[in-house]
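So the protein sequences, as listed, match chains A and B.
Positions 1 to 405 (this note's numbering) are the ones given, in order, by the first sequence.
Positions 1 to 250 (this note's numbering) are the ones given, in order, by the second sequence.
Heads up, some of the hints might be wrong.
Footprint (simulated), chain A over chain B, 3 or more residues, beta carbon under 8 Å [what the hints assert, rightly or not]:
{"id": "1", "segment": "59-73"}
{"id": "2", "segment": "88-95"}
{"id": "3", "segment": "120-128"}
With a Cα cut of at most 25 Å, we get these calculated SDA-like pairs of lysine to any residue [as the list claims (entries may be wrong)]:
{"id": "4", "chain 1": "A", "residue 1": "7", "chain 2": "B", "residue 2": "148"}
{"id": "5", "chain 1": "A", "residue 1": "395", "chain 2": "B", "residue 2": "146"}
{"id": "6", "chain 1": "B", "residue 1": "139", "chain 2": "A", "residue 2": "5"}
{"id": "7", "chain 1": "B", "residue 1": "233", "chain 2": "A", "residue 2": "403"}
{"id": "8", "chain 1": "A", "residue 1": "395", "chain 2": "B", "residue 2": "156"}
{"id": "9", "chain 1": "B", "residue 1": "135", "chain 2": "A", "residue 2": "4"}
{"id": "10", "chain 1": "B", "residue 1": "99", "chain 2": "A", "residue 2": "397"}
{"id": "11", "chain 1": "B", "residue 1": "75", "chain 2": "A", "residue 2": "400"}
{"id": "12", "chain 1": "A", "residue 1": "7", "chain 2": "B", "residue 2": "112"}
{"id": "13", "chain 1": "B", "residue 1": "75", "chain 2": "A", "residue 2": "231"}
{"id": "14", "chain 1": "A", "residue 1": "395", "chain 2": "B", "residue 2": "127"}
{"id": "15", "chain 1": "B", "residue 1": "241", "chain 2": "B", "residue 2": "27"}
{"id": "16", "chain 1": "A", "residue 1": "11", "chain 2": "B", "residue 2": "27"}
{"id": "17", "chain 1": "B", "residue 1": "19", "chain 2": "A", "residue 2": "399"}
{"id": "18", "chain 1": "A", "residue 1": "7", "chain 2": "B", "residue 2": "115"}
{"id": "19", "chain 1": "B", "residue 1": "135", "chain 2": "A", "residue 2": "57"}
{"id": "20", "chain 1": "B", "residue 1": "154", "chain 2": "A", "residue 2": "16"}
{"id": "21", "chain 1": "A", "residue 1": "231", "chain 2": "A", "residue 2": "125"}
{"id": "22", "chain 1": "A", "residue 1": "11", "chain 2": "A", "residue 2": "243"}
{"id": "23", "chain 1": "B", "residue 1": "233", "chain 2": "A", "residue 2": "397"}
{"id": "24", "chain 1": "A", "residue 1": "240", "chain 2": "A", "residue 2": "272"}
{"id": "25", "chain 1": "A", "residue 1": "11", "chain 2": "B", "residue 2": "19"}
{"id": "26", "chain 1": "B", "residue 1": "99", "chain 2": "A", "residue 2": "304"}
{"id": "27", "chain 1": "B", "residue 1": "139", "chain 2": "A", "residue 2": "4"}
Since the hints were made in silico from the structure, they are not lab data.
These figures come from a predicted structure and were not determined experimentally.
Each residue gets a CB set at the ideal place from its N, CA and C atoms; glycine is no exception.
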Amino acid sequence: MILEYFKIGIKNIRSRKMRSWLTMLGIFIGIAAIVALLSLGQGLRNAIDEQFEMMGRDKIMITPGQNFGFGGVAGQEILTEDDRDLIEKVNGVDITSGFLYKTVEVKYKNEVKTTFVTGIYTSGEETEVMKSMQNWKTAEGRDLSKTDRYKVSVGCEVTKDKGLFKKGVTLKETIELLGKEFRVIGAISCLGNKQDDTQLFIPIDTARDLFDEHDKLDMIFVKIKDGYTPKLVAEKIADKMRKDRDLDKGEENFQVQTSEQLIEVFGSILGIIEAVLVGIAAISLLVGGIGIMNTMYTSVLERTREIGVMKAIGARRRTILTIFLIESGLMGAVGGIIGVVLGFMISYGVELGAKLAGFSYLSVKISPWLVLFGISFAFIVGSAAGLLPAIQATKLEAVDALRYE
Amino acid sequence: MLKKTTEKPTSRPQKPIIKIDDVWKIYKIGDVDIYALRGLSLTINHGDFVAVMGPSGSGKSTAVNMIGCLDIPTKGRIFLDGQDISHLTESDLAQIRGKKIGFVFQQFNLIATLTALENVMLPMIFQGTPEEERKKKAKELLEKIGLGDRMHHKPSELSGGQQQRVAIARALSNDPQIILADEPTGNLDQKTGKEIIALLRQLHQNGKTIVLVTHDPDVAEYAERIEKLMDGKIVSIVKGKNHNHQHTGR
Numbered sequence: 001m002i003l004e005y006f007k008i009g010i011k012n013i014r015s016r017k018m019r020s021w022l023t024m025l026g027i028f029i030g031i032a033a034i035v036a037l038l039s040l041g042q043g044l045r046n047a048i049d050e051q052f053e054m055m056g057r058d059k060i061m062i063t064p065g066q067n068f069g070f071g072g073v074a075g076q077e078i079l080t081e082d083d084r085d086l087i088e089k090v091n092g093v094d095i096t097s098g099f100l101y102k103t104v105e106v107k108y109k110n111e112v113k114t115t116f117v118t119g120i121y122t123s124g125e126e127t128e129v130m131k132s133m134q135n136w137k138t139a140e141g142r143d144l145s146k147t148d149r150y151k152v153s154v155g156c157e158v159t160k161d162k163g164l165f166k167k168g169v170t171l172k173e174t175i176e177l178l179g180k181e182f183r184v185i186g187a188i189s190c191l192g193n194k195q196d197d198t199q200l201f202i203p204i205d206t207a208r209d210l211f212d213e214h215d216k217l218d219m220i221f222v223k224i225k226d227g228y229t230p231k232l233v234a235e236k237i238a239d240k241m242r243k244d245r246d247l248d249k250g251e252e253n254f255q256v257q258t259s260e261q262l263i264e265v266f267g268s269i270l271g272i273i274e275a276v277l278v279g280i281a282a283i284s285l286l287v288g289g290i291g292i293m294n295t296m297y298t299s300v301l302e303r304t305r306e307i308g309v310m311k312a313i314g315a316r317r318r319t320i321l322t323i324f325l326i327e328s329g330l331m332g333a334v335g336g337i338i339g340v341v342l343g344f345m346i347s348y349g350v351e352l353g354a355k356l357a358g359f360s361y362l363s364v365k366i367s368p369w370l371v372l373f374g375i376s377f378a379f380i381v382g383s384a385a386g387l388l389p390a391i392q393a394t395k396l397e398a399v400d401a402l403r404y405e
Numbered sequence: 001m002l003k004k005t006t007e008k009p010t011s012r013p014q015k016p017i018i019k020i021d022d023v024w025k026i027y028k029i030g031d032v033d034i035y036a037l038r039g040l041s042l043t044i045n046h047g048d049f050v051a052v053m054g055p056s057g058s059g060k061s062t063a064v065n066m067i068g069c070l071d072i073p074t075k076g077r078i079f080l081d082g083q084d085i086s087h088l089t090e091s092d093l094a095q096i097r098g099k100k101i102g103f104v105f106q107q108f109n110l111i112a113t114l115t116a117l118e119n120v121m122l123p124m125i126f127q128g129t130p131e132e133e134r135k136k137k138a139k140e141l142l143e144k145i146g147l148g149d150r151m152h153h154k155p156s157e158l159s160g161g162q163q164q165r166v167a168i169a170r171a172l173s174n175d176p177q178i179i180l181a182d183e184p185t186g187n188l189d190q191k192t193g194k195e196i197i198a199l200l201r202q203l204h205q206n207g208k209t210i211v212l213v214t215h216d217p218d219v220a221e222y223a224e225r226i227e228k229l230m231d232g233k234i235v236s237i238v239k240g241k242n243h244n245h246q247h248t249g250r
């Protein structure tokens with residue numbers, strides 16, 4: 001019998017096309033927003049996981065300042081070669097690496113651009129740690145080596161026409177950095193964002209001379225020895241650095257984080273952003289639900305006589321309740337289906353936009369779970385919104401309903 | 001006072017299908033009690049064709065509600081096929097109505113979004129009749145009343161007379177014993193009205209119990225007997241003049 005009530009519900013919805021569409025609009029905007037945000041969020045999460053997976057779980061990252069990515073406290077806020085030496089001596093530390101960077105003007109074929117130039121350690125294993133931390137792969141040529149002085153390895157955008165320069169740079173050509181000529185010996189595969197992909201990499205010793213920065217490091221990377229727990233090694237490093245800097249616990253002006261902690265930090269930041277956005281989308285869904293409720297109340301009023309007739313010809317309260325709930329639930333579900341489709345279209349649009357803008361991290365996937373969730377959630381919202389009007393419909397006395405004009 | 005005819009028009013076995021026994025219906029509006037029925041007693045036997053007449057305010061509508069099991073009395077008892085229904089719940093009443101009583105209304109009251117066929121099938125859906133069976137039955141009924149070619153039309157695509165015939169088919173769908181027609185000709189022109197009455201008479205001849213509520217004396221005359229209502233009770237029962245008269249409206 002339920003099937004029949006579905007048919008009746010569909011007929012009722014179709015008989016009031018305009019109103020039904022307007023009612024469903026509220027639902028599908030809400031669902032589309034939620035689906036888009038969740039799928040984009042999931043896409044980002046996957047991208048981050050992928051990046052960290054490549055980085056490996058045996059890495060530790062030391063950054064200056066109090067909080068990751070944000071400014072810090074007074075006093076010593078930079079990292080130095082001394083810190084690196086200190087860290088190197090910590091039990092469990094295998095290899096240390098790091099970098100120093102600066103934005104400088106670079107010149108290629110009379111074209112001058114400002115970009116990041118990063119000084120990196122060039123012994124094989126130091127480079128490997130750096131590469132795994134930053135997810136680099138050598139796309140062309142070779143990596144910088146210990147004997148290189150005025151050699152440069154470039155990001156993928158530098159080799160592309162209309163990338164950093166009008167014309168792409170090729171191997172063996174020279175680029176001028178702060179008045180010095182550097183020969184291009186290699187190119188790094190695309191990382192997916194413009195800032196990273198327009199970078200130039202030079203040996204750190206050359207960078208120190210060039211930038212006149214003889215001690216500073218912007219970041220230190222650590223690869224730990226097999227069999228050690230990253231978290232424990234990180235604690236030991238922090239302990240040692242606190243002692244060296246004469247700081248108490250909680251006063252740190254540096255951050256020591258394992259790759260796993262980084263994932264957690266990214267994950268929780270993303271989680272908060274997601275929660276806020278989905279919360280906002282949920283409000284629109286709530287408004288959509290109220291729209292359904294309003295429509296259903298109007299419908300009950302308009303169909304008072306119809307309800308009376310149905311009761312007269314044998315419909316029980318339960319039946320009336322079912323008919324109205326199915327109708328509102330259907331409006332929710334149809335709104336949900338459209339919303340899910342729209343939501344995925346939006347997230348693919350955003351993904352495409354991000355790719356065009358140079359961010360290739362993001363990859364949205366249609367998760368069946370999200371499709372199911374979107375549609376059933378919309379159905380539930382619809383049914384819940386229809387509950388009060390439906391109860392009102394069942395409460396109508398057949399006698400009164402039949403006389404209703 | 002009461003002028004009752006003791007003589008019965010036919011010689012069928014006298015088995016009451018509806019027995020209304022000293023029924024009172026009192027509505028409270030603010031502090032005032034409105035007496036809609038004041039001790040209504042009425043017996044309708046199997047196979048009867050009864051017209052209920054009365055001016056507005058006579059309690060006619062309330063009486064119809066009682067006969068149709070749409071309402072329960074404040075006082076007194078109502079028996080449907082021997083079962084006391086005076087204290088049943090609304091859902092039980094709905095179930096009984098669906099099975100035993102077929103309603104025909106003045107405004108036809110078809111469901112606008114459903115086709116003729118679907119309208120006729122609706123009461124059977126409420127009774128849980130399987131789809132095959134209800135489709136077959138509804139088609140048969142519509143063919144019988146001459147609307148076989150209109151069964152997929154919506155009410156708005158049908159004339160008043162056609163709509164009322166669909167309503168009658170709907171009333172018959174669960175094979176009820178009683179057809180309760182409340183002013184069935186009220187919204188129809190005279191010719192169409194006569195056709196509808198003819199249809200009701202035909203149903204009566206086929207053994208249905210017909211209760212016809214009307215204010216139109218000409219229509220009432222087609223019934224076996226006319227129960228006249230005044231001030232919430234039956235004041236007279238007379239024999240319908242045209243009951244056996246073969247009218248030629250169709």
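Here is what the structure says about each hint:
Taking a C-beta to C-beta cut-off of 8 Å, the segment 59-73 of chain B contributes 5 residues in contact with chain A, enough for the three needed, and the coverage statement holds. Counting residues of the segment 88-95 of chain B whose C-beta sits closer than 8 Å to any C-beta of chain A gives 4, which meets the bar of three, so the coverage hint holds. For the segment 120-128 of chain B, the stated coverage by chain A is satisfied: 6 residues place a CB nearer than 8 Å to a CB of that chain, which reaches the threshold of 3. Using a Cα cut-off of 25 Å, the hinted pair residue 7 of chain A and residue 148 of chain B holds, with the two alpha carbons roughly 22 Å apart.
With a CA separation close to 37 Å, the supplied pair residue 395 of chain A and residue 146 of chain B exceeds the 25 Å bound. Proposed proximity of residue 139 of chain B and residue 5 of chain A is supported: the alpha carbons are some 20 Å apart, at most 25 Å. Taking the CA atoms of residue 233 of chain B and residue 403 of chain A, the gap is near 22 Å; set against the 25 Å cutoff, the hint holds. Between residue 395 of chain A and residue 156 of chain B the CA atoms are separated by roughly 28 Å; this puts the pair beyond 25 Å, and the hint is violated.
Simply put, residue 135 of chain B and residue 4 of chain A have alpha-carbon atoms about 12 Å apart, close enough for the 25 Å limit, and the pair holds. At most 25 Å may separate the alpha-carbon atoms for a hinted pair to count; residue 99 of chain B and residue 397 of chain A meet this at roughly 19 Å. Of the pairs offered as hints, the one joining residue 75 of chain B and residue 400 of chain A holds, with about 20 Å between alpha carbons and a cut-off of 25 Å not exceeded. Proximity of residue 7 of chain A to residue 112 of chain B is assessed by CA-CA distance (about 14 Å); at most 25 Å being required, the pair is judged to hold.
Taking the CA atoms of residue 75 of chain B and residue 231 of chain A, the gap is near 84 Å; set against the 25 Å cutoff, the hint is violated. Note on residue 395 of chain A and residue 127 of chain B: the hinted pairing holds, with a Cα-Cα distance of about 21 Å set against a maximum of 25 Å. With a C-alpha separation of about 36 Å, the suggested pairing of residue 241 of chain B with residue 27 of chain B is violated against the 25 Å cut-off. A threshold of 25 Å between alpha carbons decides the hint, and for residue 11 of chain A with residue 27 of chain B the separation of about 38 Å lies outside it, so the pair is violated.
Between residue 19 of chain B and residue 399 of chain A the alpha-carbon distance is near 20 Å, which keeps this suggested pair within the 25 Å criterion. Of the pairs offered as hints, the one joining residue 7 of chain A and residue 115 of chain B holds, with about 12 Å between alpha carbons and a cut-off of 25 Å not exceeded. Proposed proximity of residue 135 of chain B and residue 57 of chain A is contradicted: the alpha carbons are some 68 Å apart, above 25 Å. A distance of roughly 15 Å separates the Cα atoms of residue 154 of chain B and residue 16 of chain A; the hinted pair therefore holds under the 25 Å criterion.
This hinted pair checks out: residue 231 of chain A and residue 125 of chain A have alpha carbons roughly 22 Å apart, not beyond 25 Å. This hinted pair does not check out: residue 11 of chain A and residue 243 of chain A have alpha carbons roughly 77 Å apart, beyond 25 Å. Pair hint residue 233 of chain B plus residue 397 of chain A holds up; C-alpha atoms about 24 Å apart against a cutoff of 25 Å. This hinted pair does not check out: residue 240 of chain A and residue 272 of chain A have alpha carbons roughly 33 Å apart, beyond 25 Å.
For the given pair, residue 11 of chain A sits about 40 Å from residue 19 of chain B by alpha-carbon distance, which is inconsistent with the 25 Å threshold. At roughly 22 Å between alpha-carbon atoms, residue 99 of chain B and residue 304 of chain A fall within 25 Å of each other, so this suggested pair holds. Among the hinted pairs, residue 139 of chain B with residue 4 of chain A is consistent with the structure: their alpha-carbon atoms are about 17 Å apart, no more than 25 Å.
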